[in-house]
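There are 2 protein chains.
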Amino acid sequence: MNTNFDMIKWDEHGLVAAVAQEIVSGRVLMMAWMNRESLQATLDSGFATYWSRSRARLWRKGEESGHRQRVKLMEMDCDGDAIVLQVEQEGGIACHTGHHSCFYRKWQDGEWIENEPVVRNPIEFYKAL
Amino acid sequence: MNTNFDMIKWDEHGLVAAVAQEIVSGRVLMMAWMNRESLQATLDSGFATYWSRSRARLWRKGEESGHRQRVKLMEMDCDGDAIVLQVEQEGGIACHTGHHSCFYRKWQDGEWIENEPVVRNPIEFYKAL
Numbered sequence: 000m001n002t003n004f005d006m007i008k009w010d011e012h013g014l015v016a017a018v019a020q021e022i023v024s025g026r027v028l029m030m031a032w033m034n035r036e037s038l039q040a041t042l043d044s045g046f047a048t049y050w051s052r053s054r055a056r057l058w059r060k061g062e063e064s065g066h067r068q069r070v071k072l073m074e075m076d077c078d079g080d081a082i083v084l085q086v087e088q089e090g091g092i093a094c095h096t097g098h099h100s101c102f103y104r105k106w107q108d109g110e111w112i113e114n115e116p117v118v119r120n121p122i123e124f125y126k127a128l
Numbered sequence: 000m001n002t003n004f005d006m007i008k009w010d011e012h013g014l015v016a017a018v019a020q021e022i023v024s025g026r027v028l029m030m031a032w033m034n035r036e037s038l039q040a041t042l043d044s045g046f047a048t049y050w051s052r053s054r055a056r057l058w059r060k061g062e063e064s065g066h067r068q069r070v071k072l073m074e075m076d077c078d079g080d081a082i083v084l085q086v087e088q089e090g091g092i093a094c095h096t097g098h099h100s101c102f103y104r105k106w107q108d109g110e111w112i113e114n115e116p117v118v119r120n121p122i123e124f125y126k127a128l
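Residue numbers (numbering that gives the first Met the number 0), protein chains in the order written: chain L, 0 to 128; chain S, 0 to 128.
Same shape as in the complex, but just chain L (with noise of 0.2 Å):
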């Protein structure tokens, strides 16, 4: 594995924040983690791959729903605890919800308020539900 991984500061669990940017439209589109193997991964395939802190496992990024994201450029921040990917977002759809973006809701008034309509009803591309 690529020592250059070793300028990045792994967390206790082995993770690395990312944080995945649409690249035509600079929307942050959602925040995951990686681990070595999941950044070697995304290097070798150019998808984004994350690693699944709840299903404790390689997530390639759209392997259900076809919404993968292929990365154009990779950055690091001073501290080397986060990582922002640029990215083109396949199918416009970042998010599980079906919206563009994970951050589809804005704090308003004291309350979180859904800021972003539904692209898609996930539904149609999960499958499995």
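Just so you know, these hints were derived from the structure itself, not from any lab. Warning: the hint list may mix true and false statements.
What the hints assert, rightly or not - Which bits of chain L does chain S cover? Going by a derived footprint, with three or more residues having C-beta under 8 Å, they are:
id: 1; region: 14 to 23
id: 2; region: 56 to 69
Unchecked claim - Taking beta-carbon pairs under 7 Å as the criterion, some of the chain L residues facing chain S (in silico):
id: 3; residue: N3
id: 4; residue: D5
id: 5; residue: V27
id: 6; residue: M30
id: 7; residue: L72
id: 8; residue: M73
id: 9; residue: M75
id: 10; residue: D76
id: 11; residue: C77
id: 12; residue: A81
id: 13; residue: V83
id: 14; residue: C94
id: 15; residue: T96
id: 16; residue: C101
id: 17; residue: R104
id: 18; residue: K105
Bear in mind that the values here come from a model prediction, so they are computed numbers and not experimental data. We put the CB at the ideal spot given by N, CA and C, even for glycine.
Got chain L; can you put chain S on it based on the hints?
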């Protein structure tokens, strides 16, 4: 404290990931952490206030450098474990290294390469150095 903070999935340390994005440029500036106190301080002051894990105290961003972040919009993701702060970055510098963004290194040919200039030498804005 606002009960709608309960919609956030605070981690085992009582923290949530916070991504600051420059509203005018779309540039992702930094990733840091917030606890309930820092979120409340952000709302009260209108300026991004984080929880410094290394110093274990409230971190009023810009308190030393003057590079405060005025929060224009706050967004929460689908599972409530990350927040995006859309900010105006005072001084045009988010990073303690003097770069515009903390994500000033990119992955290229198997290495992390510095990809953005230093806007201003940090010795000029950290009086204590």
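Evaluated hints:
As drawn, the region 14 to 23 of chain L meets chain S at 3 residues by the rule of a beta-carbon pair under 8 Å; at three or more, the given contact holds. Proximity of the region 56 to 69 of chain L to chain S, defined as three or more residues with a beta carbon under 8 Å from a beta carbon of that chain, is not established by the 0 residues found. Taken as an interface hint, L/N3 checks out: its beta carbon lies about 5 Å from the nearest beta carbon of chain S, inside 7 Å. Nearest Cβ of chain S to the Cβ of L/D5: about 10 Å, over the 7 Å cut. The hint is violated.
Interface hint status for L/V27: upheld, as the beta-carbon distance to the closest one in chain S is roughly 5 Å, under 7 Å. Given the 7 Å rule on beta carbons, the hint for L/M30 holds: about 4 Å separates it from the nearest Cβ of chain S. Interface hint at L/L72: satisfied, since its Cβ lies 6 Å from the closest Cβ of chain S, which is below the 7 Å cut-off. Checking L/M73 against chain S: minimum C-beta separation of about 4 Å stays under 7 Å; hint holds.
This hint holds: L/M75 has a C-beta 5 Å from the nearest C-beta of chain S, less than the 7 Å allowed. Hint status for L/D76 relative to chain S: holds, with the closest Cβ pair at about 4 Å, below 7 Å. The beta carbon of L/C77 comes within 5 Å of a beta carbon in chain S, closer than 7 Å, and the hint placing it at the interface holds. At about 4 Å, the closest approach between the beta carbon of L/A81 and any beta carbon in chain S falls short of 7 Å, and the interface hint on this residue holds.
A least Cβ separation of about 5 Å between L/V83 and chain S falls short of the 7 Å threshold, and the interface hint therefore holds. Against a cut-off of 7 Å between C-beta atoms, the interface hint on L/C94 holds, since the closest Cβ of chain S lies about 5 Å away. With 7 Å as the threshold, the beta carbon of L/T96 comes within range of chain S, its nearest partner Cβ sitting at about 5 Å, so the hint holds. Restraint check, L/C101 versus chain S: the minimum CB separation of about 4 Å is within 7 Å; hint holds.
Contact between L/R104 and chain S, as hinted, is supported at the beta carbon level, the nearest pair being about 5 Å apart and thus within 7 Å. The closest approach between the C-beta of L/K105 and any C-beta of chain S is roughly 5 Å, which is under the 7 Å cut-off, so the hint is satisfied.
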